[in-house]
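A.B. asks: Could you build the full structure based on these sequences and the hints that come with them?
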Amino acid sequence: MRNTAQTLFQRSEEAFDTAFDGQHNPLRHLGALGLYLLWLIVASGLYLYTVLDTGINQVYTSINHLSVEQWYLGGILRSVHRYASDAFILVMMLHLLREWAYGRYTGFRFYSWLTGIPLIWLVFASGIGGYWIVWDQLAQFSATATTELLDWLPIFSEPSARNFLTPESISDRFFTLIVFIHLGIPILLILGLWAHVHRIASVDYLPSRRLMTGTFITLLLLSLIKPALSDAPANLAQLPAELRIDWFILFLHPLTDLTSPAVIWWSLFASTALLCALPFLHKHTPAPVAVVDGANCNGCRRCLADCPYAAITMEVHPTRHGFKIAVVDPDLCAGCGICAGACPSSTPFRSQETLVTGIDMPQQPVNALRQQLEGALAALQGTPRIIVFGCDHGASVASLASPNTAAISLMCTGILPPSFVEYALRTGADGVLVTGCRSGGCEFRLGDHWTTERLTRQREPQLRGTVPADQIELVWASANDGATLAAALTEFKTRIGTQIGTQMALTNRLQPYQRRTPHHA
Amino acid sequence: MLKPAAIIGQVVLYGAFAAFIGYFATSPTYKQIPDDVSLIKLSISHLGERNCRKRTPEELEKMPRNMRAPLDCPRERSDIKLEVDLDGKPLYQTVMHPTGVYKDGVSTTYKRFELKSGVHQLSVRMSDNVAVAGFPFVKEAQITLKPAQVMVIDFNPDKGGLFFR
Chain A
1 MRNTAQTLFQ RSEEAFDTAF DGQHNPLRHL GALGLYLLWL IVASGLYLYT VLDTGINQVY
61 TSINHLSVEQ WYLGGILRSV HRYASDAFIL VMMLHLLREW AYGRYTGFRF YSWLTGIPLI
121 WLVFASGIGG YWIVWDQLAQ FSATATTELL DWLPIFSEPS ARNFLTPESI SDRFFTLIVF
181 IHLGIPILLI LGLWAHVHRI ASVDYLPSRR LMTGTFITLL LLSLIKPALS DAPANLAQLP
241 AELRIDWFIL FLHPLTDLTS PAVIWWSLFA STALLCALPF LHKHTPAPVA VVDGANCNGC
301 RRCLADCPYA AITMEVHPTR HGFKIAVVDP DLCAGCGICA GACPSSTPFR SQETLVTGID
361 MPQQPVNALR QQLEGALAAL QGTPRIIVFG CDHGASVASL ASPNTAAISL MCTGILPPSF
421 VEYALRTGAD GVLVTGCRSG GCEFRLGDHW TTERLTRQRE PQLRGTVPAD QIELVWASAN
481 DGATLAAALT EFKTRIGTQI GTQMALTNRL QPYQRRTPHH A
Chain B
1 MLKPAAIIGQ VVLYGAFAAF IGYFATSPTY KQIPDDVSLI KLSISHLGER NCRKRTPEEL
61 EKMPRNMRAP LDCPRERSDI KLEVDLDGKP LYQTVMHPTG VYKDGVSTTY KRFELKSGVH
121 QLSVRMSDNV AVAGFPFVKE AQITLKPAQV MVIDFNPDKG GLFFR
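Those sequence lines, one after another, are chains A and B. When we follow the numbering used here, the leftmost residue of the first sequence carries the number 1, and every step to the right adds one. When we follow the numbering used here, the leftmost residue of the second sequence carries the number 1, and every step to the right adds one.
Hints were generated in silico from the structure; no laboratory data involved. Only a predicted model underlies this, so the values are computations on that prediction, with no experimental measurement involved. Heads up, the beta-carbon is just placed ideally off N, CA and C, and yes, glycines get one too. Among these hints, one or two may not hold up.
[As the list claims (entries may be wrong)] If you want a taste of the chain B side facing chain A, the calculated C-beta under 10 Å gives, among others: (1) A5; (2) G9; (3) V11; (4) V12; (5) L13; (6) I21; (7) Y23; (8) S27; (9) E58; (10) T108; (11) R112; (12) S123.
[Claimed, not checked] Per label pair, the in silico range of CB-to-CB distance: (13) A:T494 / B:A6: 18 to 28 Å; (14) B:I8 / A:E460: 34 to 44 Å; (15) B:G15 / A:R209: 41 to 51 Å; (16) B:D104 / A:G103: 46 to 56 Å.
[As the list claims (entries may be wrong)] Facing chain B, from chain A, some residues (calculated, C-beta under 8 Å): (17) F16; (18) S157; (19) A161; (20) L165; (21) A241; (22) E242; (23) D246.
C.D. replies: Below, the structure is given as structure tokens:
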């Protein structure tokens, strides 16, 4: 079932990529989009709070006044508040489903998964409470239904639903209390979100500007076309007739009517327990973690800057005075190898017979990568000679191999030090194609992003300026994009083939490099 | 620069997103009860009586002078017995137990009854001391319920016991 869900998400994301680029694709940035919606809710909610009168009679009229008399500001903000809340629920549930579908709930990710579960409860508690503040018929229905549901739990000595028996049961204090709860829970939610993202680095606190603008304009237009309005005022002596229910937030009430409070509570407890148990039910074989070599680590902090999961810290170097050394937390390490790609010691131009870098992956050491590259280059025949560096999680590169093309698949494209591209070009390759997951779709969050920045000389360690850009091709292709990658390779080969022998190619050609083992090695 | 196809795609997807949010934010409408139905809420919260026993002269003699209270009243409260009849037929019967570890808290009940609107004969009987036979609190009345009307059956000893509102 999870594989089906994963395929569904992959296909949907790829379909969305045609309209949005990877970095603007909402499906690839659900967490950041959720945070943006939360800020919209907070900002619009603060205005609503300032104009809300919490008196028993005034609470309804003050909110209604906003929607009717001040529709151009208060009314729009109220509508944005409501629709952003609904969108938040939708985005949150999609985020949960997507992470489950991709199996991102176990191993080093279990902390983020577990800390996300209480947030769902907080979101619904805050959302349901928010509807009460309006004190219209929908609020009456929700307040009565919620308290009747709560009364199934043995937590109150008197049924809390008694507070909503008659119109006289409600006092001004009630709304003051509800407003404080409605403000307090989101504060807890923000604290919870801080914990939720605590174990990841370079967090996307906001989506791209284009996505934010598009989302805001959409919510604004929706608010203008269909403004959020109150129902008739609450009257506890009368049952509301037909309710325009918000199915995103209040769906539990009809569900309770359909079943019973016992069924609802047991379903909620069981689903929460299942979500909490998921990381432990799944058999997870941890990937080997990054290993630091003290003699080759000079404490440059590049691995610290690039690690997507904040698994690296810097400590005082045990043997080199005045230097720091990277220390890997094995519980947090994803085993992606992005740190090895960031290490300046990972350059293949070093003359040691066995290349030992500052931080390396046991399952795909930099030395093995250099040997694999050298072997592949030696075996290439004909022209143009192309090296393809691929990603195990992106489009498969194995089928691209041919007499003049060598394909090397990496754990993540981020493990590739840019110097390997130059090394390939100086030791026999006419062109290098680097491919990995689509933008924003990296299995390890930042592999494609860092690789692009390194190869386009925006991030250290960067590709040297002397390396001609036209001999390098970046193709971001998902596991379903085999044909696209093959077509891109064919086009690249044609381009490189036509360049060979031209004056430009001769001018740009890098000086060949022959690695020699020093006598003292 | 965005391609025209991408712009159209974004407009369609943002539009679908807005339509989905906009529709399910208020639709489909929900009706909790049919048009011709009314609701009776039975909600009672009351402390049962304590079953006190008169101490014998011998017992009092054995006690220190300053503690010779004539009645021995345990901390526990009595269960409360409640019966509701509608149109001459039993609608609900229960025995409410006192809350608390020492059974010294209030006894409560909260029930909803949906019934056809119109004229009904309602009878409620309650005893807050099961050791005593019979029902010291009785309320009977003919009620007329309008569609969707909520009527509450409550108890307040300061208001004469059981009452409808």
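A.B. asks: Hints first: check each against the structure and report whether it holds.
C.D. replies: Do the hints match the structure? See the list:
no.: 1; hint: A5; verdict: 7 Å, holds
no.: 2; hint: G9; verdict: 3 Å, holds
no.: 3; hint: V11; verdict: 9 Å, holds
no.: 4; hint: V12; verdict: 8 Å, holds
no.: 5; hint: L13; verdict: 6 Å, holds
no.: 6; hint: I21; verdict: 5 Å, holds
no.: 7; hint: Y23; verdict: 9 Å, holds
no.: 8; hint: S27; verdict: 7 Å, holds
no.: 9; hint: E58; verdict: 39 Å, violated
no.: 10; hint: T108; verdict: 5 Å, holds
no.: 11; hint: R112; verdict: 8 Å, holds
no.: 12; hint: S123; verdict: 20 Å, violated
no.: 13; hint: A:T494 / B:A6: 18 to 28 Å; verdict: 27 Å, holds
no.: 14; hint: B:I8 / A:E460: 34 to 44 Å; verdict: 40 Å, holds
no.: 15; hint: B:G15 / A:R209: 41 to 51 Å; verdict: 21 Å, violated
no.: 16; hint: B:D104 / A:G103: 46 to 56 Å; verdict: 54 Å, holds
no.: 17; hint: F16; verdict: 7 Å, holds
no.: 18; hint: S157; verdict: 5 Å, holds
no.: 19; hint: A161; verdict: 6 Å, holds
no.: 20; hint: L165; verdict: 5 Å, holds
no.: 21; hint: A241; verdict: 6 Å, holds
no.: 22; hint: E242; verdict: 5 Å, holds
no.: 23; hint: D246; verdict: 5 Å, holds
Violated hints, in rising order: 9, 12, 15; the structure is consistent with all others.
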